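Engineer: Here's the letter readout for the chains.
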Amino acid sequence: MLAQLHQVEHSLNQVILGKQQQIRLALCCLLAEGHLLLEDLPGLGKTTLAHALANSLGLSYRRVQFTSDLLPADLTGISIYDTRSQQFHFQPGPVFSQVLLADEINRASPKTQSALLEAMEERQVSTDGQTRPLPSPFFVIATQNPLFHAGTSALPESQLDRFLMRLSLGFPERAAEHQLLVDDSKGSRLQFLTQQLDSNTLQSLQQQLSSVNVSDAVIDYLLSLVDASRTRNDMLPLSPRASKALLRASKAHALITGRDFVTADDVQQVFPSVAEHRLDPRSSAASHSHSELLLEQTVCPL
Amino acid sequence: MLVLLNRQAIVSFSIILLAIIVLLHQALPLWYSAILVLLLGYRWPLQRSGSKVNKLKRVNIIAALILLLLLISLKQSGVFHFMLQILLLSAVSRMVLIRQRHDSHQLLWVLYFLLACCFIFYQSILLSLLILALLLFTLHQHYQLYASKQLRLQWLQLGKALLLTFPIWISLFLLFPRLQPLWRIPTADSAITGLADSLDPGSIENLVQSDTLAFRAIFSGPLPARQQLYWRAKVYENFDGRSWTVNKRFETRQTVTPPINENSLVQRVDYQIITEVSNQRSVFALGVPLQLTNTVRPVAAYLAEARRPVSQRLSYQVSSDLSAIPEDHATEPQLNTRTTNANPKTRALAIELANKTQSTAELIGQIGELFRQQPYFYSLNPPRLGENSIDAFLFNTRSGFCSHYASATAVLLREAGVPARVVGGYQGGVWHDEQQYLEVRQREAHAWVEYFDSGAWQRFDPTAVIAPERVLAGLDAVLSAEEQDQLQANWRRFSAVNYINQQLLHLDYYWSVWVLGFDDSQQYNLWQQLKAISKLLAILSGIVVLMIGIWWYLKYQRQPEKFPAPVRLVRRYLGKLIQHKPAGQHFSQFINQLKIHNPYHAPLLDKIDSLYQRALFANDPAALLQLRKHLKANTKKLNRLNWPQ
Numbered sequence: 001m002l003a004q005l006h007q008v009e010h011s012l013n014q015v016i017l018g019k020q021q022q023i024r025l026a027l028c029c030l031l032a033e034g035h036l037l038l039e040d041l042p043g044l045g046k047t048t049l050a051h052a053l054a055n056s057l058g059l060s061y062r063r064v065q066f067t068s069d070l071l072p073a074d075l076t077g078i079s080i081y082d083t084r085s086q087q088f089h090f091q092p093g094p095v096f097s098q099v100l101l102a103d104e105i106n107r108a109s110p111k112t113q114s115a116l117l118e119a120m121e122e123r124q125v126s127t128d129g130q131t132r133p134l135p136s137p138f139f140v141i142a143t144q145n146p147l148f149h150a151g152t153s154a155l156p157e158s159q160l161d162r163f164l165m166r167l168s169l170g171f172p173e174r175a176a177e178h179q180l181l182v183d184d185s186k187g188s189r190l191q192f193l194t195q196q197l198d199s200n201t202l203q204s205l206q207q208q209l210s211s212v213n214v215s216d217a218v219i220d221y222l223l224s225l226v227d228a229s230r231t232r233n234d235m236l237p238l239s240p241r242a243s244k245a246l247l248r249a250s251k252a253h254a255l256i257t258g259r260d261f262v263t264a265d266d267v268q269q270v271f272p273s274v275a276e277h278r279l280d281p282r283s284s285a286a287s288h289s290h291s292e293l294l295l296e297q298t299v300c301p302l
Numbered sequence: 303m304l305v306l307l308n309r310q311a312i313v314s315f316s317i318i319l320l321a322i323i324v325l326l327h328q329a330l331p332l333w334y335s336a337i338l339v340l341l342l343g344y345r346w347p348l349q350r351s352g353s354k355v356n357k358l359k360r361v362n363i364i365a366a367l368i369l370l371l372l373l374i375s376l377k378q379s380g381v382f383h384f385m386l387q388i389l390l391l392s393a394v395s396r397m398v399l400i401r402q403r404h405d406s407h408q409l410l411w412v413l414y415f416l417l418a419c420c421f422i423f424y425q426s427i428l429l430s431l432l433i434l435a436l437l438l439f440t441l442h443q444h445y446q447l448y449a450s451k452q453l454r455l456q457w458l459q460l461g462k463a464l465l466l467t468f469p470i471w472i473s474l475f476l477l478f479p480r481l482q483p484l485w486r487i488p489t490a491d492s493a494i495t496g497l498a499d500s501l502d503p504g505s506i507e508n509l510v511q512s513d514t515l516a517f518r519a520i521f522s523g524p525l526p527a528r529q530q531l532y533w534r535a536k537v538y539e540n541f542d543g544r545s546w547t548v549n550k551r552f553e554t555r556q557t558v559t560p561p562i563n564e565n566s567l568v569q570r571v572d573y574q575i576i577t578e579v580s581n582q583r584s585v586f587a588l589g590v591p592l593q594l595t596n597t598v599r600p601v602a603a604y605l606a607e608a609r610r611p612v613s614q615r616l617s618y619q620v621s622s623d624l625s626a627i628p629e630d631h632a633t634e635p636q637l638n639t640r641t642t643n644a645n646p647k648t649r650a651l652a653i654e655l656a657n658k659t660q661s662t663a664e665l666i667g668q669i670g671e672l673f674r675q676q677p678y679f680y681s682l683n684p685p686r687l688g689e690n691s692i693d694a695f696l697f698n699t700r701s702g703f704c705s706h707y708a709s710a711t712a713v714l715l716r717e718a719g720v721p722a723r724v725v726g727g728y729q730g731g732v733w734h735d736e737q738q739y740l741e742v743r744q745r746e747a748h749a750w751v752e753y754f755d756s757g758a759w760q761r762f763d764p765t766a767v768i769a770p771e772r773v774l775a776g777l778d779a780v781l782s783a784e785e786q787d788q789l790q791a792n793w794r795r796f797s798a799v800n801y802i803n804q805q806l807l808h809l810d811y812y813w814s815v816w817v818l819g820f821d822d823s824q825q826y827n828l829w830q831q832l833k834a835i836s837k838l839l840a841i842l843s844g845i846v847v848l849m850i851g852i853w854w855y856l857k858y859q860r861q862p863e864k865f866p867a868p869v870r871l872v873r874r875y876l877g878k879l880i881q882h883k884p885a886g887q888h889f890s891q892f893i894n895q896l897k898i899h900n901p902y903h904a905p906l907l908d909k910i911d912s913l914y915q916r917a918l919f920a921n922d923p924a925a926l927l928q929l930r931k932h933l934k935a936n937t938k939k940l941n942r943l944n945w946p947q
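Protein chains in written order, with our numbering: chain A, 1 to 302; chain B, 303 to 947.
Please note that a few of the clues may not be correct.
[To be verified] Label pairs and their in silico Cβ distance ranges:
hint, chain 1, residue 1, chain 2, residue 2, range
1, A, L41, B, P923, 33 to 41 Å
2, A, S210, B, W457, 54 to 62 Å
3, B, G851, A, E122, 51 to 59 Å
4, A, E122, B, L856, 48 to 56 Å
[To be verified] Straight line, CA to CA, 30 Å or less: simulated DSBU-like cross-link-like pairs of lysine-lysine:
hint, chain 1, residue 1, chain 2, residue 2
5, B, K909, B, K938
6, B, K878, B, K897
7, B, K883, A, K244
8, B, K883, B, K857
9, B, K864, A, K244
10, B, K658, B, K647
Hints are computed from structural coordinates only; laboratory data are not their basis. Remember, it's a predicted structure, so these values are computed and weren't measured experimentally. Idealized CB from N, CA, C, for every residue including glycine.
Go ahead and model the full structure; you've got the sequences and the hints to work with.
Structural biologist: This is the structure we're talking about:
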């Protein structure tokens with residue numbers, strides 16, 4: 001199974017060139033059953049990555065392009081009056097899929113954004129006084145443009161907190177971009193995506209996560225990182241949800257690295273992507289200044 | 303690590319070495335001290351010059367030459383001084399070459415040792431303090447070189463070290479057995495002080511001009527009457543018509559045992575004496591010394607004598623009987639009736655007196671009467687006497703000091719056929735009531751007569767007849783104001799100076815009693831006392847141990863261990879390297895960095911890293927065991943790991 005996962009990682013690397021670290025973290029995020037937020041300038045391949053991820057996991061996915069006039073019902077679905085049966089029928093929206101690709105999520109109004117809140121945290125949708133569960137697994141892979149871009153409105157902290165990780169791809173290296181241009185004529189890079197997991201494999205991998213060993217020492221270290229954020233006033237404090245996310249992501253990182261125990265290194269590897277958007281929601285995803293400060297100043301005795 | 307010595311360290315070392323050269327001057331010939339100082343000065347041109355190899359050669363040649371000179375003069379200086387000289391030579395030559403901190407290590411230890419050697423030559427409180435200060439200065443230099451660079455921390459560490467070692471100093475001083483030195487410490491050829499082996503008319507007058515301390519006495523019981531305080535030091539039995547000298551029989555240094563008869567004791571006195579340096583063997587005792595500590599022994603004429611010339615302050619216990627001195631040898635009376643042909647008038651007077659009297663006691667009475675009735679004077683500045691000195695004194699000048707009267711009396715007695723001799727020593731002393739000791743200075747020097755009667759040597763002090771106040775109240779009481787002025791040094795006239803001087807003397811007294819006088823017997827007493835309160839001590843130390851245990855338990859046991867076991871292991875074996883690990887870095891990262899700096903040890907470090915990770919993060923006890931084994935087996939390699947500066 002792990003071999004399959006590594007195959008997926010390999011083929012993802014064929015699609016997005018030169019971004020091994022981010023791809024591994026994205027896979028971590030999905031293994032940890034967390035939602036992923038990709039933030040970048042337009043044209044850096046975040047939508048491609050989102051597509052590739054959804055594809056490679058072998059899950060059903062729906063894509064929604066968020067715009068300022070998108071309504072909550074456009075996501076969750078609406079009840080339509082059937083004149084024949086004289087009844088309302090619920091027409092499920094795109095949220096009822098295994099993977100929701102929310103493109104440019106920060107273009108939507110706060111109202112629509114918050115419609116996603118319940119779906120993301122509870123994995124269910126309540127409309128017309130009825131609660132409908134979402135399929136399992138359920139992921140939101142969202143992309144957004146940096147906040148300073150025109151027509152964007154910031155995601156509320158509560159929603160940001162629901163994304164396990166925020167990643168930024170950044171500009172490719174020169175060699176990678178060269179390769180990209182050479183291969184351009186051969187069609188979409190998504191064709192390189194050969195390997196797919198199926199949802200069963202993914203779920204059993206996710207179950208394996210619980211058998212990853214976490215020693216007290218690692219938890220202590222993780223907590224001292226979280227505590228450190230709570231005693232400072234130049235950043236927001238990390239919530240218990242954040243510490244849970246951090247642990248899950250660390251476990252997923254350990255699993256992907258092929259270990260059945262979490263090391264301090266796992267925590268440090270995932271910490272910036274898990275913590276940065278919670279420490280400072282206004283920051284750009286490319287900068288990890290707050291989380292790196294914490295990593296640097298918190299004593300790691302391990 | 304290559305750390306260059308700074309200028310300040312080199313200057314400090316030079317100062318300490320110079321001080322040692324000055325302090326040890328007794329052990330160093332003058333030319334040698336000069337060479338050492340020149341060699342020290344030679345360091346400075348070398349400081350600026352280039353190649354080190356060249357220097358090493360040069361200094362080695364110089365040192366070899368000096369060593370040769372020392373070897374030639376070995377006979378003169380003796381083994382002990384020779385050893386000190388070599389040690390100093392090595393220290394100074396090291397000093398010349400020293401550049402790195404690494405080199406200063408041996409130098410520092412040799413400096414400690416040399417400074418400790420200074421205590422052999424000096425025991426006075428001021429110089430002891432000076433040497434102690436130099437030791438502390440050296441220690442401070444040591445800390446400056448090797449301890450933290452932060453000054454505050456440095457003082458803290460130094461203070462802590464001193465505080466921790468202080469109880470050890472004290473208990474070593476109190477409880478460590480006083481071993482006899484392995485080699486004989488040579489006596490310096492310093493001037494002999496105190497009474498000489500010959501007594502001329504005038505010699506005691508010179509001696510009393512000196513205000514220096516001769517010895518101190520501490521009595522276990524009450525202070526005996528002043529008329530009994532005749533401290534015998536020398537017995538003069540040879541008379542050549544003018545001066546008295548010590549008989550050759552004292553050179554045999556044979557120990558005599560006084561005939562102790564508990565019933566016949568007149569008055570037993572127990573006391574302790576602390577003598578100043580005199581560079582003579584003769585020491586002081588009252589009457590017949592019955593018991594002496596073993597650094598001192600009774601010799602001919604029941605005088606007390608040290609086993610070797612007193613070149614350091616010496617403390618000894620004496621039990622004396624204040625009776626007449628028994629005869630130590632059958633020939634003694636005969637020895638002391640020898641007369642000379644000089645002084646014919648004295649002889650005539652003696653015969654006349656002898657004819658008049660029936661017994662020796664009567665004769666003594668007659669001589670006393672003579673001095674009392676004729677106009678004899680007691681004077682610090684008697685007129686000069688001619689050829690027949692006794693004649694001149696008895697019949698012409700009639701003015702003299704104690705030695706004149708003692709000498710004249712002894713000659714009179716001998717001419718009358720009574721065995722008599724002159725005894726030199728000290729009479730009286732200044733009693734310090736608060737400190738409870740008797741201070742005897744050179745100005746208490748005195749001479750009196752012992753004559754043989756009814757089987758023992760009886761004391762007769764003609765001075766007591768002429769100037770009884772001399773015996774009862776001290777020398778000052780009998781001298782004229784002019785003569786007192788003559789005795790007192792100018793500064794002594796200011797009472798404040800006098801007071802300070804006296805306080806310093808008292809301090810010096812306590813120093814000699816408590817520090818220098820702490821010998822085998824005192825140590826034995828201390829042990830006995832400790833034994834007596836052993837139960838109390840056991841309980842006390844039990845309580846202390848218990849309290850330390852509780853404190854330790856509270857401090858370390860109650861708190862959870864700071865680090866998990868694998869972390870403690872790695873921290874311990876990586877030792878000082880740990881300090882290079884940034885706070886936020888974990889060990890695997892740090893080990894990776896170590897691998898970059900120590901590519902040769904990369905496999906070892908990899909192995910340690912993987913074991914460490916398994917042991918710590920997977921809680922694998924087998925990995926922990928292996929990690930421990932691995933670290934232990936490679937301790938040396940780990941110690942040699944590099945970290946770039």
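Engineer: Would you mind marking each hint as holding or not holding in the structure?
Structural biologist: Results for each hint:
1. One distance hint, 33 to 41 Å for the beta-carbon pair A:L41 and B:P923, is violated here, with the actual separation near 51 Å.
2. The hint said 54 to 62 Å for the Cβ distance between A:S210 and B:W457, and at roughly 57 Å that hint holds.
3. In this structure, B:G851 and A:E122 meet the distance hint of 51 to 59 Å, their C-beta atoms being roughly 58 Å apart.
4. Checked against the given bound of 48 to 56 Å, the beta carbons of A:E122 and B:L856, roughly 50 Å apart, stay inside it.
5. With a C-alpha separation of about 16 Å, the suggested pair B:K909 and B:K938 falls inside the 30 Å cut-off, and the hint holds.
6. Restraint check for B:K878 and B:K897: satisfied, since their Cα atoms lie roughly 16 Å apart, inside the 30 Å limit.
7. Annotation: proposed proximity of B:K883 to A:K244 holds, straight-line Cα distance about 28 Å (limit 30 Å).
8. Proposed proximity of B:K883 and B:K857 is supported: the alpha carbons are some 27 Å apart, at most 30 Å.
9. Distance hint between B:K864 and A:K244 is fulfilled; the C-alpha atoms sit about 25 Å from each other, no more than 30 Å.
10. Restraint check for B:K658 and B:K647: the C-alpha separation of about 17 Å stays at or below 30 Å, so the hint holds.
The earlier numbered hint that this structure contradicts is number 1, and it is the only one.
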